[in-house]
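Chemist: If you read the sequences in order, they're chains Y and V. Be aware that the first sequence starts at 1, since it is given in the working numbering, and climbs by one per residue. Be aware that the second sequence starts at 1, since it is given in the working numbering, and climbs by one per residue.
The set of hints was computed from the structure by calculation and includes no laboratory data. Computed from a prediction, not measured in an experiment: that's the story for all the values here. Check the hints yourself; a few may be wrong.
Pairs of lysine-lysine, DSBU-like flavour, derived with a Cα cap of 35 Å [to be verified]:
hint, chain 1, residue 1, chain 2, residue 2
1, Y, K194, V, K445
2, V, K158, Y, K409
3, Y, K199, V, K451
4, V, K158, Y, K194
5, V, K309, V, K15
6, Y, K451, V, K529
7, Y, K529, V, K190
8, V, K535, V, K478
9, V, K445, Y, K158
10, Y, K529, Y, K409
11, V, K158, Y, K309
12, V, K243, Y, K505
13, Y, K535, V, K529
14, V, K500, Y, K529
15, Y, K535, V, K15
16, Y, K563, V, K500
17, Y, K194, V, K228
18, Y, K535, V, K445
19, V, K15, Y, K505
20, Y, K529, V, K481
21, V, K505, Y, K445
22, V, K190, V, K243
23, V, K309, Y, K158
24, V, K409, Y, K158
25, Y, K4, Y, K243
26, V, K535, Y, K451
27, V, K529, Y, K478
28, V, K451, V, K478
29, V, K194, Y, K228
30, V, K500, Y, K535
31, V, K535, Y, K481
32, Y, K500, V, K529
On the chain V side, residues computed to face chain Y include the following (Cβ under 8 Å) [what the hints assert, rightly or not]:
hint, residue
33, C107
34, D109
35, A333
36, V514
Glycine included, every Cβ here is placed at the ideal spot set by N, Cα and C.
There are 2 protein chains.
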Amino acid sequence: MLEKLKPEQIKNCTKNEMNVLCDELRTVIYNTVMQCGGHLASNLGAVESTVAMFYTFDFPNDKIVFDVGHQCYAYKLLSGRADRFSSLRQAGGISGFPKRNESEYDCYDTGHAGTSVSAAIGLAKARDLHGEQRNIIAYIGDGSFNNGLVYEALSSLKILNTNVLIVLNDNGMSISPTVGGMYEILNEIKNGDKASGIKLLENFGLTYIGVKNGNDLEEMLEAFSEAKDLMQNRSVLLHIVTKKGKGYEFSEEHPTNTHGVPPVGSPKDKEYSEVLGECLCELAAENSEITVVSAAMKEALGLSEFFEKYPERAFDVGICEENASVLCASMAAGGLKPYYAIYSTFLQRAFDEIIHDVCAQDMAVTFCIDRAGISGADGETHQGVFDLSYLSLIPNLTVAVPKDTEEFKKIMRFSAEYPHPLAIRYPRAGRTVFQSEDNELTVGKWEYLHKTNSEVTVIAAGERCLIIAMKILQNLQKQGKDFNVVNARFVKPLDTELLKTLAGKYVVTMEDNVFLGGLGAQIDGELVKLGIDCKIKNFAYRDEFIPQGGVAALQSEYGVNCKEIEEYISEILV
Amino acid sequence: MLEKLKPEQIKNCTKNEMNVLCDELRTVIYNTVMQCGGHLASNLGAVESTVAMFYTFDFPNDKIVFDVGHQCYAYKLLSGRADRFSSLRQAGGISGFPKRNESEYDCYDTGHAGTSVSAAIGLAKARDLHGEQRNIIAYIGDGSFNNGLVYEALSSLKILNTNVLIVLNDNGMSISPTVGGMYEILNEIKNGDKASGIKLLENFGLTYIGVKNGNDLEEMLEAFSEAKDLMQNRSVLLHIVTKKGKGYEFSEEHPTNTHGVPPVGSPKDKEYSEVLGECLCELAAENSEITVVSAAMKEALGLSEFFEKYPERAFDVGICEENASVLCASMAAGGLKPYYAIYSTFLQRAFDEIIHDVCAQDMAVTFCIDRAGISGADGETHQGVFDLSYLSLIPNLTVAVPKDTEEFKKIMRFSAEYPHPLAIRYPRAGRTVFQSEDNELTVGKWEYLHKTNSEVTVIAAGERCLIIAMKILQNLQKQGKDFNVVNARFVKPLDTELLKTLAGKYVVTMEDNVFLGGLGAQIDGELVKLGIDCKIKNFAYRDEFIPQGGVAALQSEYGVNCKEIEEYISEILV
């Protein structure tokens with residue numbers, strides 16, 4: 001039924017037909033996620049409310065912004081994308097997040113938490129100024145609702161003086177169980193003590209409808225009908241309670257494990273996240289000053305064991321990346337030794353606090369930055385390809401890039417004694433593949449993974465690029481050609497002494513980051529400063545947003561192309 | 001009395017003596033700000049509460065974090081810095097903000113809004129884990145209290161399970177009158193409708209004391225005594241109402257004008273901000289899609305007239321830089337043409353939203369970035385020296401730097417038709433000094449301000465650097481030497497065609513920004529990419545945080561030294 005169903009036909013469905021539709025949506029979502037990976041539990045929970053919205057509203061004239069986008073699969077399936085849905089998260093396929101360039105039904109791209117309310121208000125204001133007739137909806141989970149940006153948006157609702165509907169899908173879980181002040185207010189409302197929480201929402205200019213069972217289609221149809229009436233002359237918060245993973249027993253019982261599901265059969269390398277958790281537990285056993293802060297990602301970052309073993313020193317503050325950063329800076333000011341574990345793309349949210357709180361005060365905070373470089377199937381909003389650039393421009397910050405999980409351990413051990421801000425960035429999958437030539441770790445010192453007297457030196461940061469470099473080396477060695485390979489394990493500061501020895505030689509740089517401001521660009525600038533002429537070639541990502549796809553394919557396509565690099569070096573060494 | 005007074009002696013003062021002390025503090029603050037510039041009104045309002053805190057608490061064992069720091073002058077005067085206070089905001093003198101390196105009484109540096117509550121919580125947690133006895137206080141104005149980071153901090157108070165005192169100094173004004181949801185809740189509490197607001201605070205784990213008259217010493221002494229008792233086993237919010245500018249009639253009546261006061265006798269150039277306001281009014285008259293968003297800075301940014309003339313298209317959302325950015329992105333998605341005016345240093349807060357909401361969606365948002373480059377007397381936390389770097393690394397974003405106010409007008413006019421994200425950055429003081437050689441503005445095209453057949457070309461971005469370049473040119477022309485001067489009015493994209501013509505020549509770059517990731521670094525990288533050899537020398541700021549001081553002196557000291565540049569060029573041209 002799904003592939004032939006036109007969005008507007010849902011309005012003619014009976015309740016029975018809609019219930020059948022919900023079952024079908026569940027099946028398709030489940031099967032697709034098992035094939036392609038993706039967000040299962042949150043999408044399963046949003047099925048009934050999404051069907052009810054199609055019944056009630058007129059998309060795409062009416063507009064909806066899904067916060068983060070983890071709940072948009074049913075919406076995509078119902079808005080004319082069922083026939084392509086099997087390409088979910090694949091190169092060139094359907095995105096796991098709303099994408100304007102995919103369908104006129106997607107009016108605003110999301111991927112990071114907390115933007116939906118601001119976005120809905122901005123869209124509603126545009127509608128008002130244009131004198132258009134349309135309903136604007138923000139659909140947001142309770143995890144995102146803790147984010148400071150949402151609070152800023154709510155505070156501006158009266159200032160912008162416009163009407164939106166906020167659907168708060170409350171499943172009591174962000175990725176980890178939701179925590180914090182607003183969550184308790186919502187909980188009180190759920191548990192019947194509604195007065196003060198509702199009053200609070202009224203202060204922000206919101207009329208409250210709820211609590212409704214978001215997995216009961218009939219209740220959803222009624223609730224959206226009421227909301228649609230009310231929102232014609234005011235802003236409305238519709239509070240719905242859903243079961244994350246609704247409809248699949250395993251997912252209902254284990255919502256954290258099924259939040260992001262890798263496709264069945266995907267390889268299970270040893271992850272940097274596992275190493276992180278082990279290292280932090282070891283270090284914490286030796287040093288009682290060590291604390292760990294996470295922003296709603298403790299499982300994905302490998303921190304579960306640490307949180308169990310050291311609950312008094314482990315803090316998951318919810319999706320509050322900025323607060324986590326200032327907490328770390330101030331814990332360091334108070335004499336503690338904080339570690340802040342986070343995904344590369346989400347750390348962008350704390351950019352100002354890294355500058356203003358951590359680095360300007362030269363606080364000994366260690367950032368453990370996972371999912372750095374191309375992250376693959378999540379696409380534009382999740383690529384960790386800017387961090388080398390935005391971190392390296394900040395004074396006082398040391399930026400380390402381990403060549404493998406073994407070196408990551410070494411850097412972690414080093415970090416425990418390091419009295420300044422330190423960022424360690426690494427990709428998702430990890431291996432222990434390299435033999436170290438020297439064992440001592442010194443800030444700003446690189447190491448040769450392969451040293452010869454060739455005119456060519458490849459300087460690469462991180463496992464992915466060093467593996468490419470070593471493979472090219474193997475290939476060319478078979479042709480009797482040879483070159484040096486340097487592990488740039490500190491992208492900041494650079495190894496100036498090593499660079500000086502390369503005067504007049506060929507230098508090739510490689511990194512899993514955009515070119516602008518990254519390793520290669522910094523080396524180019526440093527050589528100018530040193531007054532050294534080298535024949536340099538930089539391989540890094542072009543100045544574009546990188547869409548979803550396979551990691552290796554995207555690397556090649558966007559600027560770190562193994563074949564091109566091999567050919568370039570091979571031609572020099574003729 | 002002030003210069004001889006030791007902090008601990010305040011505990012022995014009578015109430016009469018403390019009232020005399022308050023008067024003296026006011027006089028010193030007023031006189032000093034008239035001499036040195038600084039924040040007058042907010043500091044005058046905080047006098048009584050500060051004296052009462054010294055009476056009640058034991059600084060520096062007890063610790064206080066001033067949010068932003070605009071209220072710390074009395075605290076500085078009472079903590080052993082009265083003898084040096086006449087150096088306020090001068091090079092090497094007392095900072096206008098809390099500074100750990102200035103006194104053991106300053107435990108945490110601030111400057112940007114909303115960090116104090118997180119910082120207090122982190123310090124308190126460190127205290128707990130260390131088993132120390134001390135009270136931790138966050139002192140925050142109602143303007144900052146709207147910032148999303150504060151909300152994130154409040155949400156984490158129960159998670160970190162620690163006790164702090166939050167002093168909410170409510171003068172009903174941030175820089176512009178405070179607006180938004182939380183402000184209305186506070187207002188209701190002030191006006192007697194306390195139940196729901198207080199309940200809300202309790203949900204966050206805060207016990208509420210208030211409302212107290214923050215300019216009444218006796219009431220403050222009682223309130224802090226009560227707060228100190230309570231905070232031994234819980235977190236407390238003490239809500240005090242003060243009059244911003246208290247004690248100086250002119251300041252009380254005109255708190256916005258006296259928020260930041262320039263020293264008496266400082267030159268009054270025509271400001272970019274004035275030009276911004278005029279241009280936006282002109283453009284808005286022609287184009288009904290134009291909207292303007294500000295984050296609590298409309299007067300300082302020159303937007304007062306626009307807000308009066310076009311209230312339906314002008315939005316001051318309070319100190320919510322992230323929300324402002326997403327509002328702009330979504331307004332653009334809805335077909336409007338939004339302008340976001342902000343200081344360079346504060347835009348750092350919206351870094352992720354610039355990437356994720358504005359640029360990844362290629363939205364036609366124009367950022368008008370004031371106080372770019374070295375801002376001078378406000379010091380480390382307010383220098384706008386990172387923007388060329390953190391903006392240039394973002395795909396789809398064009399970065400323009402006008403050479404003077406006249407060119408700024410031209411770029412503003414250009415922006416109205418430009419269908420992509422655009423950042424325009426400019427310093428505070430502005431002039432119209434240059435003759436343009438061409439009149440058309442094309443993205444990525446520079447212009448020669450002086451063209452000759454010299455081997456040397458100076459490429460500079462922005463008025464300050466171009467003025468230096470032209471002065472050096474005048475000096476060297478007297479010696480019969482000559483060089484080219486290029487106005488790099490687009491820092492991104494670079495003028496690749498022009499760069500190609502400089503192959504083999506001497507190139508000198510100058511910018512009012514850090515080197516890493518800035519104009520010079522981008523040119524270095526571009527020349528590598530083009531395979532062009534030039535003899536390059538980059539003048540930009542070193543990789544350090546730049547303290548307070550005079551703009552010209554700091555420019556010279558941190559890497560853009562006129563004399564050094566002149567000597568370098570002069571030696572080439574021998």
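Chemist: For each hint, tell me whether it holds in the structure or not.
Modeler: Now for the hints, and whether the structure bears them out:
1. Y/K194 with V/K445: violated (60 Å)
2. V/K158 with Y/K409: Holds - the C-alpha atoms of Y/K409 and V/K158 are around 33 Å apart, at most 35 Å.
3. Y/K199 with V/K451: At roughly 68 Å apart (the allowed maximum being 35 Å), V/K451 and Y/K199 break the hint.
4. V/K158 with Y/K194: holds (21 Å)
5. V/K309 with V/K15: Violated, at roughly 50 Å.
6. Y/K451 with V/K529: holds (26 Å)
7. Y/K529 with V/K190: violated (60 Å)
8. V/K535 with V/K478: Satisfied, since the Cα-Cα distance of roughly 25 Å is no more than 35 Å.
9. V/K445 with Y/K158: Violated. V/K445 to Y/K158 sits at ~43 Å, over the 35 Å cutoff.
10. Y/K529 with Y/K409: The given pair, whose Cα atoms are some 33 Å apart, holds under the 35 Å limit.
11. V/K158 with Y/K309: holds (20 Å)
12. V/K243 with Y/K505: Violated, at about 68 Å.
13. Y/K535 with V/K529: holds (11 Å)
14. V/K500 with Y/K529: holds (21 Å)
15. Y/K535 with V/K15: violated (75 Å)
16. Y/K563 with V/K500: Measuring from Cα to Cα gives roughly 28 Å; hence the hint holds.
17. Y/K194 with V/K228: holds (32 Å)
18. Y/K535 with V/K445: holds (28 Å)
19. V/K15 with Y/K505: violated (76 Å)
20. Y/K529 with V/K481: Between Y/K529 and V/K481 the Cα gap is close to 25 Å, so the pair holds against 35 Å.
21. V/K505 with Y/K445: Given that 35 Å is the threshold and the Cα spacing comes to 33 Å, the pair holds.
22. V/K190 with V/K243: Holds, at about 14 Å.
23. V/K309 with Y/K158: holds (20 Å)
24. V/K409 with Y/K158: With Cα atoms ~33 Å apart, V/K409 and Y/K158 stay inside 35 Å; holds.
25. Y/K4 with Y/K243: holds (28 Å)
26. V/K535 with Y/K451: holds (30 Å)
27. V/K529 with Y/K478: holds (30 Å)
28. V/K451 with V/K478: Measuring from Cα to Cα gives roughly 17 Å; hence the hint holds.
29. V/K194 with Y/K228: With a Cα-Cα distance of about 32 Å, the restraint between V/K194 and Y/K228 holds, given a limit of 35 Å.
30. V/K500 with Y/K535: Distance of about 17 Å is within 35 Å: holds.
31. V/K535 with Y/K481: holds (32 Å)
32. Y/K500 with V/K529: holds (21 Å)
33. C107: With Cβ-Cβ at 6 Å, under 8 Å, it holds.
34. D109: holds (5 Å)
35. A333: holds (5 Å)
36. V514: holds (6 Å)
Comparing the model with each numbered hint stated earlier shows that hints 1, 3, 5, 7, 9, 12, 15 and 19 do not hold.
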